[in-house]
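There are 2 protein chains.
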Amino acid sequence: MKRIESTKNERVKQWKKLSTKKERDKTGLFLIEGFHLVEEAIKSGVHIEQLIVAEHAIIPASWNVAHIPMTIVTNDVMKTISDTETPQGIAAVCKQLHWNVDDVQTALFIDAVQDPGNVGTIIRTADAAGIDAVVVGEGSADIYNAKVIRATQGSLFHFPVIKEDIGQWIARFQNRHIPIYGTSLQHGVDYRSVAPSSSFALIVGNEGSGVNEQWLKQTTTNLYVPIYGKAESLNVAIATGILLYHLQKK
Amino acid sequence: MKRIESTKNERVKQWKKLSTKKERDKTGLFLIEGFHLVEEAIKSGVHIEQLIVAEHAIIPASWNVAHIPMTIVTNDVMKTISDTETPQGIAAVCKQLHWNVDDVQTALFIDAVQDPGNVGTIIRTADAAGIDAVVVGEGSADIYNAKVIRATQGSLFHFPVIKEDIGQWIARFQNRHIPIYGTSLQHGVDYRSVAPSSSFALIVGNEGSGVNEQWLKQTTTNLYVPIYGKAESLNVAIATGILLYHLQKK
Chain A
1 MKRIESTKNE RVKQWKKLST KKERDKTGLF LIEGFHLVEE AIKSGVHIEQ
51 LIVAEHAIIP ASWNVAHIPM TIVTNDVMKT ISDTETPQGI AAVCKQLHWN
101 VDDVQTALFI DAVQDPGNVG TIIRTADAAG IDAVVVGEGS ADIYNAKVIR
151 ATQGSLFHFP VIKEDIGQWI ARFQNRHIPI YGTSLQHGVD YRSVAPSSSF
201 ALIVGNEGSG VNEQWLKQTT TNLYVPIYGK AESLNVAIAT GILLYHLQKK
Chain B
1 MKRIESTKNE RVKQWKKLST KKERDKTGLF LIEGFHLVEE AIKSGVHIEQ
51 LIVAEHAIIP ASWNVAHIPM TIVTNDVMKT ISDTETPQGI AAVCKQLHWN
101 VDDVQTALFI DAVQDPGNVG TIIRTADAAG IDAVVVGEGS ADIYNAKVIR
151 ATQGSLFHFP VIKEDIGQWI ARFQNRHIPI YGTSLQHGVD YRSVAPSSSF
201 ALIVGNEGSG VNEQWLKQTT TNLYVPIYGK AESLNVAIAT GILLYHLQKK
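Read top to bottom, the protein sequences are chains A and B. This note's numbering numbers the first residue of the first sequence as 1 and each following residue consecutively. This note's numbering numbers the first residue of the second sequence as 1 and each following residue consecutively.
One copy or any two copies: either way a pair holds, since identical chains are not told apart in the list.
Here are the simulated PhoX-like pairs of lysine-lysine, each with C-alpha atoms no more than 25 Å apart in a straight line:
1) K230 <-> K250
2) K230 <-> K95
3) K2 <-> K95
4) K230 <-> K163
Hints are computed from structural coordinates only; laboratory data are not their basis.
Using the sequences and the hints, build the whole thing.
Spelled out as structure tokens, the structure:
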């Protein structure tokens, strides 16, 4: 087992760089940290290239990770690569995931949602609602950002989340005659006027400007969640939860 | 108009102390910051004791705040009292709010929700859903915490949010024969088995342990939101949104 004590070690620098989208895109890797997330990754069969363990940390025997390369590091090294203030003492370098998405009947398209916490919570919610796949379009927080992964609570590992062009997916759903619902406070209909169904796509959009007008023009119908009180709007993740649980037929 | 340049000024120390719950409880005051929140506070008629304005900041004439004491401060002073990394240059010391809640027909009880972002988003969601009042019980993030206020986006100023004992409110609703719904993944029924109504209370609980067993025993029925995918659970604010929009009859 390797052991690294210096925060200036080349491999430590490499791991630290994975906090940037650029490096993640280049290498096809991403870094996760904390016991819950690493456990979820192992259980879900995510390809882990490297386990990084602080010297005081204890790995549960049930993880069965003898086959995964492991490096022991000092607490200082762990702090250097960690995104959190008090790291739990375990991290892992993982390969980005690829999914077969030929038979997607229900999908959520995320258009330019910028807050990592919102993107992560939306992914977790879509997973819970039993949606087949999430497509994350341009302008959204990167799905391999540490804050996004933390907010998904592991959904990213066992559920198809795809970085692709939303326009292509709209065309694909149109060709298959599956309804596509946009969301628009200005030009929509009350979501309860649409009946639950086992095939649909829903598009949710940016915290400030909503879904891109270009996509709204190509939808079957655009929906809104009515505001009854004095609040100006709902948080986008909350609106997504209300819409998905109404739209899906289970 | 007063002007303060030193971060060691006694009044600056006083304002900074308002970041602690202890000081807020003692003084009955709280501090807000940012243009949107201060504007919402003014529009809602919140009693503002003091406007604190950074030297470069411009106050919109439409605010009509000539009657409110104003202090100009340096950017350094603003940074000292601010909770954010890049303060917008405006803050206000406000009096805590008191509400008349004699005729509450629909209410949300928040039991020990710890994350300030969750508490704030739940309050904003209850406001949007047209619920009459929110009761925040012991063990929850303080409603005058800066992060909670930010996440409410101003709902706190125009909508009854009350720090009181949940047990008292349960008794009050029981006496009025209004149904009380708890939330429980283990011992609940699917939320869709309950019909929408114009009088009810909903209790949501701690991120890890859920609603206190003590309250769950006193409810009319306990509900859960089904999980169809592999996610272990829904975020508590998301579950609240789904439940409130289902339960309320509008």
